[in-house]
Structure formats: C-alpha cells, structure tokens
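Q: Listed here are the chains, written in short residue letters.
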Amino acid sequence: KNEVEQSPQNLTAQEGEFITINCSYSVGISALHWLQQHPGGGIVSLFMLSSGKKKHGRLIATINIQEKHSSLHITASHPRDSAVYICAVGTTYNTDKLIFGTGTRLQVFP
Amino acid sequence: GAGVSQSPRYKVAKRGQDVALRCDPISGHVSLFWYQQALGQGPEFLTYFQNEAQLDKSGLPSDRFFAERPEGSVSTLKIQRTQQEDSAVYLCASSLARTGRQPQHFGDGTRLSIL
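Taken in sequence, the protein lines are chains A and B.
Here the first sequence is numbered in the working numbering, starting from 1 and rising by one per residue.
Here the second sequence is numbered in the working numbering, starting from 1 and rising by one per residue.
For the record, the hints were derived by calculation from the structure and aren't laboratory data.
By construction, the Cβ of each residue, glycine as well, lies at the ideal position given by its N, Cα and C atoms.
Possibly wrong hints are sitting among the right ones.
If you only want the chain B side, here are some residues facing chain A, beta carbon under 7 Å, derived [claimed, not checked]:
(1) 41
(2) 42
(3) 45
(4) 103
(5) 108
Result set (DSSO-like, lysine-lysine): computed pairs, CA atoms no more than 30 Å apart in a straight line [stated by the list, open to error]:
(6) 97/A with 57/B
(7) 57/B with 78/B
(8) 68/A with 57/B
(9) 53/A with 68/A
Computed far set for chain B versus chain A, every beta-carbon distance over 10 Å [as the list claims (entries may be wrong)]:
(10) 51
(11) 70
(12) 114
So here's chain A without its partners, still in its complex pose (with noise of 0.2 Å):
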C-alpha cells in the first residue's frame, strides 16, 4: 500500500463546476504539499498546509489531520485548470523528504 493516495486517478468536468480530489496518507505528517502540473512536467507548487484550511483564488485546500486526509477543491472550474493534481507529504521522521501520491489528471472541458 502506498504511503500517499490520490483519488480519483482521472478526472473530467464541464467548464464551472466544482470539483474535489482526495489525498489519504499513512504516515505522521509535519506538512502536506499539492501541487499542479501541467503537460511539459513544469509543477507549481499550490499550498502547503499542516492543518485547517487554505485558501487561494478559486482553489481551496483542507486538511484533517485525525482522519490523515486532505482535500484539494476547485471552484467554478475552468479549462486552463486541466492539469495534473498531485499530493505530497513530508513525514515527522524525515521532514525534508517528500512523499508523493501519482497524481489526478483532470480535465475540464468548455
């Protein structure tokens, strides 16, 4: 089982619709990343949060750190968000090595 999930792997929308992708992990946390990545492989990095909620224009990241899931959601959803979503920990034991999940590709279509 991997130390990091994503779901779903895929994902496709209708240009304005809200949409969340789901992160679980199984290893204690000190921050949890996600990123965007588009086609060429370029990532930017969107939030970094150890608790609560984050958010930044139209995207919203929230963490629960009892249930070790974290949610990444995108409001009025427009076709230049279509990327890859991708979730990545760094663990209490090692806080500078990040764990990654493989990522929901979305695509949001006009």
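Mind docking chain B on chain A? Use the hints.
A: Just chain B now, kept in the frame of chain A:
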C-alpha cells in the same frame, strides 16, 4: 531568471552512455532536491542537499547515479552507463529554509530518453 532552471530540457542518449543533468536553483535557496518521475507516476525522491552537503541519497537507484553540489548552488546529477529503465523526467527543486516547512520550487525538468 527568478525560477529553478534545468538543462537540458530534453536529452536522448544511447544505452551505455554517461549523461549529466544540471540544476540551477533559486539564488539563496539552501535546500536542493532531485526527483525522478516515470511516465504516468508521481515524482520519487532521489537525493537532497543542504548547501554543499549531500544529506540524503537514499533514493538513488544504483551506484551509477551520482549527484554533487560543490559550491552550494548549481547541482549536477550524473548517470553512468545509462540503461533503458533510466528513461524518465528528472526534476530539481529548491527551497529557502533548512527544514521541510517551506514550499519547494520546481524546475521544468529534464526528459531523458535512453535508446
């Protein structure tokens, strides 16, 4: 530039050749990370530097892989006697602080294809 720069963007090599991949982190960033990303998978940790010190190389898949950061800024990942299974995207990231509580800034990666 302001971001993490990796070169080359694409590298094609024949099996058995040696390759060198370069990473130029954001100026002043103490920590530097190398990751390997196979097609359709998430990145996997290879190695980590704080300044010039290589603190963790537990992810390097074999002794054919070697990384250095001699002056605490630019880093090079070298792969000797390349094999087809080395084909992947190699990502470099840097962060400002010495702990894991700072976001990592990623380069665009080097896509390595071994023929």
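Q: Give a verdict on every hint.
A: Against the structure, the hints come out as follows:
no.: 1; hint: 41; in the structure: 6 Å, holds
no.: 2; hint: 42; in the structure: 4 Å, holds
no.: 3; hint: 45; in the structure: 5 Å, holds
no.: 4; hint: 103; in the structure: 4 Å, holds
no.: 5; hint: 108; in the structure: 4 Å, holds
no.: 6; hint: 97/A with 57/B; in the structure: 10 Å, holds
no.: 7; hint: 57/B with 78/B; in the structure: 13 Å, holds
no.: 8; hint: 68/A with 57/B; in the structure: 28 Å, holds
no.: 9; hint: 53/A with 68/A; in the structure: 14 Å, holds
no.: 10; hint: 51; in the structure: 13 Å, holds
no.: 11; hint: 70; in the structure: 20 Å, holds
no.: 12; hint: 114; in the structure: 17 Å, holds
Checked against the numbered hints above, the structure breaks none of them.
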